[in-house]
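Student: Sequence:
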Amino acid sequence: MLDLKFIRENVDVVRENCLRKNDSSDLDLLMTLDATRRTLIQGVEDLKARRNAVSQEISLKKRSGDDATSQITEMREVGDVIKNLDEDLRTVEEQIDDIMMRIPNMAHASVPVGKSAEENVEVRREGICIEREWRKDHLELGRDLGILDFERGAKVTGTGFGFYVGKGARLERALINYFLDTNTNDRGYTEILPPFMVNSTSLRGTGQLPKNHDDMYYMERDELYMIPTAEVPITNFHRDEMLDAAALPIKYAGYSACFRRESGSYGKDTRGFLRVHEFNKVELVKFVRAETSYDELELLVNDVESHLRALGFTYRVLLLSTGDMTFGGSKTYDLEVWSPCEQKWLEVSSCTNFESFQARRANIRFKDTPSSKPEFVHTLNGSGLATSRIMVALLEQYQRPDGHIDVPACLRPYCGFDVI
RNA sequence: GGAGAGGUGCGAGAGUGGUUGAAUCGGGUAGUCUCGAAAACUACUAUAGUAGCAAUGCUAUCGAGGGUUCGAAUCCCUCCCUCUCCUCCA
123 MLDLKFIREN VDVVRENCLR KNDSSDLDLL MTLDATRRTL IQGVEDLKAR
173 RNAVSQEISL KKRSGDDATS QITEMREVGD VIKNLDEDLR TVEEQIDDIM
223 MRIPNMAHAS VPVGKSAEEN VEVRREGICI EREWRKDHLE LGRDLGILDF
273 ERGAKVTGTG FGFYVGKGAR LERALINYFL DTNTNDRGYT EILPPFMVNS
323 TSLRGTGQLP KNHDDMYYME RDELYMIPTA EVPITNFHRD EMLDAAALPI
373 KYAGYSACFR RESGSYGKDT RGFLRVHEFN KVELVKFVRA ETSYDELELL
423 VNDVESHLRA LGFTYRVLLL STGDMTFGGS KTYDLEVWSP CEQKWLEVSS
473 CTNFESFQAR RANIRFKDTP SSKPEFVHTL NGSGLATSRI MVALLEQYQR
523 PDGHIDVPAC LRPYCGFDVI
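Read in the numbering used here, the first sequence has 460 at position 338, and its numbers run on one by one without any break.
Don't take every hint at face value.
Computed cross-link-like contacts, DMTMM-like style, restricted to lysine to aspartate or glutamate with a CA-CA straight-line distance of at most 25 Å [stated by the list, open to error]: (1) LYS333 with ASP490; (2) LYS258 with ASP528; (3) LYS205 with ASP219; (4) LYS258 with GLU240; (5) LYS333 with ASP156; (6) LYS466 with ASP271; (7) LYS289 with ASP337; (8) LYS205 with ASP259; (9) LYS170 with ASP150; (10) LYS466 with GLU240; (11) LYS489 with GLU345; (12) LYS127 with GLU138; (13) LYS127 with GLU400; (14) LYS184 with ASP208; (15) LYS289 with ASP271; (16) LYS170 with ASP148; (17) LYS237 with ASP337; (18) LYS127 with GLU240; (19) LYS466 with GLU400; (20) LYS277 with ASP303; (21) LYS495 with ASP303.
In case anyone wonders, no lab produced these hints; they're calculated from the structure.
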């Protein structure tokens, strides 16, 4: 959420930003409502001030035994007017809030302006894009080696769900443990294991609601959502808190399964593990001071890259254009791994600085010193990494001519085997 | 799921429907004292909205939302959360 005062003072800039992010929020309506709101507030607060003063007088009169009937009668009428104005005010504020919650975050000045992914900018690339003669894709490999089973996934749950079996399950678990261990041991993140279901307040806090309700699994009886990413519970871990300035930056690394309905995406990258309804991911989340957040974003990307390098992948880093960014982000880098079988790039991580957008929604602040004004923190998060997609890239890249898979060296201690 | 207890400021903890934004104690900050520290004493110690260049004023906030009332932390209703006991359970 943006600051209403900021919007009021920079309507044209905000309007331009909405266009660049392909958003059609009605800012003129918002400004009209904002003016109405302030008029109502002035009116109702004047009346309340008067009521408070007269109530005082009534109190004094009653104590001294004087008659206060006329004032009580007057205040009864004033009370009715106040009630009506409060009602109007509430309606207007609800409308304002509804618009505010749907206005996208301002893109940072360094973000390329563009309509879509076409305008994303490749920042750097590591490794070479190889082509292979004897390639099998991860579906064939998974089936032939008996480590991935989508047929039974479809039977037991539905399309878009799969089983990891035997060495496949072990490899998946190795990836999760490897990412958790390196991030916590080497890179200063605190491990955190969040709940996989959250309430709607949390989803509003991180920006998935109100816009993306249909993309998530929702359990009506309990009014809970399955998390689409661990970003939601981990960021909301500090919701409504005043953080200790000395503790910043706060960095968490958390594993969770991620649940996505992927409604409307059928037919696009749906084969096997490329796009599933449930996948595993280690998420990195940071709470930082405003002055450092862009440095922290670069560090976050570095952290993720270090894993891709250790795994020996060919990858590239993309700076997303305004049109391809998510609604809440100020600046986002996507990391993509080269798939020699698909002959294309697979997105395995997305690292975003949200500035104060989430912190304002979730009310996460800190005080520099005990006497200074509270400030919103900046929040960042990035996948570090989505293991299911990594699994696809890994199987395809490390397959041998005989159809077996070499396990990358960094994972062997976690697997207990070298070859699948 | 059943029965009960409770939710007040940074913490503990008062609070007869009427100067209660809220006693008291503790914590924190600053000052006095001291060579320095401790102790003692003194002062300050919330958030947000709104008007204003500002000083400052006004409004709201005692789990949340409604209601009663001229006036609600205090009375009524609904919901949420926490704790205890029973039940169930990995």
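Student: All the hints need checking, so say for each whether the structure fits it.
Tutor: Going down the list of hints, with the structure as the test:
no. : hint               : in the structure
1   : LYS333 with ASP490 : violated (34 Å)
2   : LYS258 with ASP528 : holds (14 Å)
3   : LYS205 with ASP219 : holds (21 Å)
4   : LYS258 with GLU240 : violated (29 Å)
5   : LYS333 with ASP156 : holds (22 Å)
6   : LYS466 with ASP271 : holds (23 Å)
7   : LYS289 with ASP337 : violated (32 Å)
8   : LYS205 with ASP259 : violated (67 Å)
9   : LYS170 with ASP150 : violated (30 Å)
10  : LYS466 with GLU240 : holds (15 Å)
11  : LYS489 with GLU345 : violated (34 Å)
12  : LYS127 with GLU138 : holds (17 Å)
13  : LYS127 with GLU400 : violated (40 Å)
14  : LYS184 with ASP208 : violated (29 Å)
15  : LYS289 with ASP271 : holds (12 Å)
16  : LYS170 with ASP148 : violated (32 Å)
17  : LYS237 with ASP337 : holds (22 Å)
18  : LYS127 with GLU240 : violated (34 Å)
19  : LYS466 with GLU400 : holds (22 Å)
20  : LYS277 with ASP303 : violated (34 Å)
21  : LYS495 with ASP303 : violated (37 Å)
Hints 1, 4, 7, 8, 9, 11, 13, 14, 16, 18, 20, 21 from the list above are not met by this structure, while the remaining hints are.
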